[in-house]
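Peer 1: Residues per chain, in single letters:
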Amino acid sequence: MVTRIGGKEVPDDLGSVYYGLTVLIGSPVTHLTIDSQRTASDCLIVAQGEIDLASAPELEQELGECLESASVIVDLSKVTFIDSTGLRVLLTAHDRATQTERTLRLVVAEGPVTKLLSITGVDGHLHTFDSVESARADA
Amino acid sequence: MPDGPAGPFELRIPPDPVHVATARLFVASLARTAGWEEGRVDDLRLAVSEAVSAAMVAYPDTEVVVSGTIESGILNLRVAPISEGALSDDRFDVESIVASLFDGARFDGDAIVIPSVG
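For the protein sequence lines, the chains are A and B, in the order given.
First residue of the first sequence? That's 1 in the numbering used here, and the numbers climb one at a time after it.
First residue of the second sequence? That's 1 in the numbering used here, and the numbers climb one at a time after it.
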């Protein structure tokens with residue numbers, strides 16, 4: 001990896017300070033933690049961190065496994081970043097749930113997830129709730 | 001608007017999805033240093049993530065270059081794979097999201113260009 005600012009090459013290490021900028025390069029920085037809990041009535045997936053091209057497959061796999069046996073609630077309230085790669089995973093899971101007569105319910109907080117759902121116009125297509133409790137109450 | 005840093009910048013990243021986050025971190029650092037408010041920084045992170053992801057999907061074996069200039073808080077940004085040819089046709093999501101975030105954003109050959117935002 002080569003970084004140039006002002007026509008000069010920035011050393012390829014972590015935390016180089018150059019022209020007053022802190023440039024963090026050299027190590028992967030996508031962080032996503034996924035926990036799942038299966039109950040008699042549903043599967044709860046709790047995602048924390050960033051969902052992008054690198055981390056979306058992990059969420060996709062967990063969704064796929066849960067949807068094989070139950071309806072799913074995905075708690076995205078602690079997701080700090082999501083792009084269309086992550087959105088595509090959610091939409092695919094929603095379609096799969098619908099086809100198998102299950103449901104996919106999303107728990108979202110004000111922030112990156114609600115913003116992306118809004119600007120892409122899919123907020124009315126997916127089932128969203130403000131807490132796990134309200135998502136379960138809607139079952 | 002703070003003066004912040006000035007001059008051209010360039011970040012070359014390997015075609016590995018883990019480095020999409022590296023690109024986000026890089027441009028966010030530039031924008032914050034240039035005095036952008038946090039909401040606009042978040043929009044920029046999303047736009048760059050879309051552009052870099054699209055480039056990596058279209059050209060999975062090619063480095064991606066995030067380059068541009070920054071001056072007086074104004075950022076001109078270009079994201080492009082180091083390759084010939086245009087991005088694939090499967091870019092509707094990217095184009096619509098970037099266009100929603102930044103007026104005047106456009107596709108120019110291999111690149112998604114976000115002009116003069118700040």
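Derived from the structure by calculation, the hints contain no laboratory data.
Small disclaimer: the values here were computed from a predicted structure and weren't measured.
Please note that the accuracy of each hint is not assured.
Unchecked claim - Simulated restraints, written as ranges between beta carbons of each label pair: (1) A:Gln-37 to B:Ser-72: 19 to 29 Å; (2) B:Asn-76 to A:Ala-139: 47 to 57 Å; (3) B:Gly-7 to A:Asp-130: 37 to 47 Å; (4) B:Glu-38 to A:Asp-130: 20 to 30 Å.
Unchecked claim - A short, non-exhaustive set of chain B residues, derived as facing chain A with CB atoms under 10 Å: (5) His-19; (6) Val-20; (7) Arg-24; (8) Glu-37; (9) Asp-43; (10) Arg-45; (11) Ala-54; (12) Met-56; (13) Ser-72; (14) Ile-74.
As the list claims (entries may be wrong) - One-sided and incomplete, this derived list gives chain B residues near chain A with beta-carbon spacing under 10 Å: (15) Pro-17; (16) Val-18; (17) Glu-50; (18) Val-52; (19) Val-57; (20) Ala-58; (21) Thr-62; (22) Asn-76.
From the three backbone atoms N, C-alpha and C, an ideal C-beta is built for every residue, glycine too.
Peer 1: Now tell me, hint by hint, if it's right for this structure.
Peer 2: Right, here's what the structure says about each hint:
1. Distance hint check for Gln-37 of chain A and Ser-72 of chain B: the Cβ-Cβ separation is about 51 Å, which falls outside the suggested range of 19 to 29 Å.
2. Evaluation of the 47 to 57 Å hint for Asn-76 of chain B and Ala-139 of chain A yields a pass: the beta carbon distance comes to about 50 Å.
3. A C-beta distance of roughly 45 Å is found between Gly-7 of chain B and Asp-130 of chain A, which places it inside the suggested range of 37 to 47 Å.
4. Between Glu-38 of chain B and Asp-130 of chain A the CB atoms are about 23 Å apart, so this pair conforms to the stated range of 20 to 30 Å.
5. With a least beta-carbon distance of about 7 Å to chain A, the hint placing His-19 of chain B at the interface is held under the 10 Å criterion.
6. Taking 10 Å as the C-beta cut-off, the interface hint given for Val-20 of chain B holds, the closest approach to chain A being about 5 Å.
7. With a cut of 10 Å, the hint placing Arg-24 of chain B at the interface with chain A holds, because the nearest CB-to-CB distance is about 7 Å.
8. With its C-beta approaching chain A no nearer than about 15 Å, Glu-37 of chain B sits outside the 10 Å limit, and its interface hint is violated.
9. Satisfaction of the interface hint for Asp-43 of chain B is found here, the shortest Cβ-Cβ separation to chain A being roughly 9 Å, below the 10 Å cut-off.
10. Contact between Arg-45 of chain B and chain A, as hinted, is supported at the beta carbon level, the nearest pair being about 7 Å apart and thus within 10 Å.
11. With a cut of 10 Å, the hint placing Ala-54 of chain B at the interface with chain A holds, because the nearest CB-to-CB distance is about 9 Å.
12. A cut of 10 Å between beta carbons decides the hint on Met-56 of chain B: the least distance to chain A is about 6 Å, and the hint holds.
13. Taking 10 Å as the C-beta contact cut-off toward chain A, the hint placing Ser-72 of chain B at the interface is violated, the least distance being around 14 Å.
14. Because the closest C-beta pair between Ile-74 of chain B and chain A is about 16 Å apart, greater than 10 Å, the hint is violated.
15. Given the 10 Å rule on beta carbons, the hint for Pro-17 of chain B holds: about 4 Å separates it from the nearest Cβ of chain A.
16. Among the interface hints, the one on Val-18 of chain B holds; its C-beta lies about 4 Å from the nearest C-beta in chain A, closer than the 10 Å criterion.
17. Because the closest C-beta pair between Glu-50 of chain B and chain A is about 6 Å apart, less than 10 Å, the hint holds.
18. Satisfaction of the interface hint for Val-52 of chain B is found here, the shortest Cβ-Cβ separation to chain A being roughly 8 Å, below the 10 Å cut-off.
19. Satisfaction of the interface hint for Val-57 of chain B is found here, the shortest Cβ-Cβ separation to chain A being roughly 8 Å, below the 10 Å cut-off.
20. Residue-level restraint check for Ala-58 of chain B is violated (minimum Cβ-Cβ distance to chain A is 12 Å; threshold 10 Å).
21. For the restraint placing Thr-62 of chain B at the interface with chain A, the shortest Cβ-Cβ distance is roughly 14 Å, beyond the 10 Å limit, so the hint is violated.
22. Annotation: Asn-76 of chain B was flagged as interfacial toward chain A, and the flag is violated, the nearest CB pair being 14 Å apart, outside 10 Å.
Violated hints for the displayed structure, listed by number in ascending order: 1, 8, 13, 14, 20, 21, 22.
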